[in-house]
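Heads up: the protein sequence lines correspond to chains D and H, in order. Last residue of the first sequence: 113 in our numbering, with the numbers rising by one and none dropped. Last residue of the second sequence: 225 in our numbering, with the numbers rising by one and none dropped.
Since the hints were derived computationally from the structure, they do not count as laboratory data. Quick reminder that beta carbons are idealized off the backbone N, C-alpha and C, glycines included.
If you only want the chain H side, here are some residues facing chain D, beta carbon under 10 Å, derived: (1) P156; (2) G211; (3) A217.
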Amino acid sequence: DVKVTQSSRYLVKRTGEKVFLECVQDMDHENMFWYRQDPGLGLRLIYFSYDVKMKEKGDIPEGYSVSREKKERFSLILESASTNQTSMYLCASRQGDRDTEAFFGQGTRLTVV
Amino acid sequence: GQSLEQPSEVTAVEGAIVQINCTYQTSGFYGLSWYQQHDGGAPTFLSYNALDGLEETGRFSSFLSRSDSYGYLLLQELQMKDSASYFCAVSPPTDSWGKLQFGAGTQVVVTP
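The whole structure should be built from the sequences, with the hints applied where relevant.
Structure representation (structure tokens):
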């Protein structure tokens, strides 16, 4: 069964902390994504990676960075967490492009206090 | 970036038909996808239109018209379990074509 696993379901961090959100997929997919989801704004793309060590900015990359050292793992980093980064974070992966479906993790609800 | 527009909410009764429109301002993408997300759940893939026209999958159908920059998802014989958010998505041109961008989503509320 296809699986995308996010390391935490709920996370509470303090303002200014460095935060790591981890995502692992077991499908050998080339492409991995980080989205944040806020009410009324849908899924907004933060970063996208199309290969190991390759990344591309999405629509809202400010305040975030990413790391993809291995094909199966894609990490989202908040260098200095702020309260406006409180959100649901969703990781996804898919093979190739075009008509392939994306598979999502269950999400990490991050609260920055 | 890309702009995908969907209505924010649609309400309908069980057994009815609902059409969720998705209009976009982009060029050069491969096709239009649709995803469903129940409250508290992860988005799951529903359908993909590579070519213009209608694709049917059971009670759900999806349509694409590139010339009109428009697509829609049609939900037929609505059931209570269809209450969810529905997102359209495209893969815009990038170095790899793998990027996937979503609209803001349409909340479908099914009432008895």
